Amino acid sequence: MLFNKLVSLALLAATGSSCADVPKGAAFDHIFIIFLENTDYDLANSDPNLRSLFSSGVALSNYHGVTHSFQPNYFTAIAGDFFVTGTDSPTTWAPLTRRSSTFWKQGSDLETLPGGHALDLQAGNLPNYSSYTPNVKSDGHDTTVAYASNWSTGFLALLLSNPTFNNDTLVVLTFDEADDYFDSCNHVLGLLLGSAVHNIKNTVDSTFYTQYSLISTVTANWVLTVWVATISTSPSPTSLALS
Numbered sequence: 000m001l002f003n004k005l006v007s008l009a010l011l012a013a014t015g016s017s018c019a020d021v022p023k024g025a026a027f028d029h030i031f032i033i034f035l036e037n038t039d040y041d042l043a044n045s046d047p048n049l050r051s052l053f054s055s056g057v058a059l060s061n062y063h064g065v066t067h068s069f070q071p072n073y074f075t076a077i078a079g080d081f082f083v084t085g086t087d088s089p090t091t092w093a094p095l096t097r098r099s100s101t102f103w104k105q106g107s108d109l110e111t112l113p114g115g116h117a118l119d120l121q122a123g124n125l126p127n128y129s130s131y132t133p134n135v136k137s138d139g140h141d142t143t144v145a146y147a148s149n150w151s152t153g154f155l156a157l158l159l160s161n162p163t164f165n166n167d168t169l170v171v172l173t174f175d176e177a178d179d180y181f182d183s184c185n186h187v188l189g190l191l192l193g194s195a196v197h198n199i200k201n202t203v204d205s206t207f208y209t210q211y212s213l214i215s216t217v218t219a220n221w222v223l224t225v226w227v228a229t230i231s232t233s234p235s236p237t238s239l240a241l242s
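Residue numbers (numbering that gives the first Met the number 0): 0 to 242.
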């Protein structure tokens, strides 16, 4: 699974309700996911700003989007399914944490709005699961990988230097899909950052991962009920010992 060397014993020992009020994770207590957009692996891997992050984390060199266009990749990461022809009321892991009002949150560049991540951080209430959506300029959709990487490194520098944020935290920076629609492998760059990978930073993980690996990692880390077959068979980063 996405993360396999850090806490194998901790995962085996994990027991109890999946709806704990203050959930502790097997490998990390917080996950913060940032999706950039529409960039082929080779282009992202050669970008100097993104490469400057490699020494601080784990580079996922064999990470893949699951389809084109963008939307199903986001669905898959949080719900484990495309929902292209499915129900209008899909199941995600979020209801499994319904007893915890601080477990998960989705944010955007509009951080100053009530409930924004900046306010959570100031109050010391960082959710266990955070998904952050840059605007279409910052994520590279309407700009370039250079623009997106410049924004990303500046944004992450502020977060990773904040001890309230970077406390048993895993940051995942990746792309929704490759820009080349004819790339059947949909190869994109993934990066693991934060205190959760401090002991294995400056390494490369070449294991095959997809967007399914994100939800696989979340469900394994917090011992949540698995309801989609593809989740249990999707690898989580081997460096985090969540097999």
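Think of the hints as simulated: they come from the structure by calculation, not from any bench.
Only a predicted model underlies this, so the values are computations on that prediction, with no experimental measurement involved.
Note that beta-carbon positions come from the ideal geometry of N, C-alpha and C, so glycine has one too.
Warning: the hint list may mix true and false statements.
FRET-style restraints, in silico, Cβ to Cβ [unchecked claim]:
#1 Leu157 - Ser54: 13 to 23 Å
#2 Ser183 - Ser45: 15 to 25 Å
#3 Asn124 - Thr152: 38 to 48 Å
#4 Ser183 - Thr163: 22 to 32 Å
The hints, checked one at a time:
Between leucine 157 and serine 54, the C-beta spacing of about 18 Å keeps the proposed range 13 to 23 Å intact. A hinted range of 15 to 25 Å holds for the C-beta pair serine 183 and serine 45, which are about 21 Å apart. Roughly 26 Å separates the CB atoms of asparagine 124 and threonine 152, a value that falls outside the hinted 38 to 48 Å. Between serine 183 and threonine 163 the Cβ separation comes to about 43 Å, which falls outside the hinted range of 22 to 32 Å.
Violated hints, in rising order: 3 and 4; the structure is consistent with all others.
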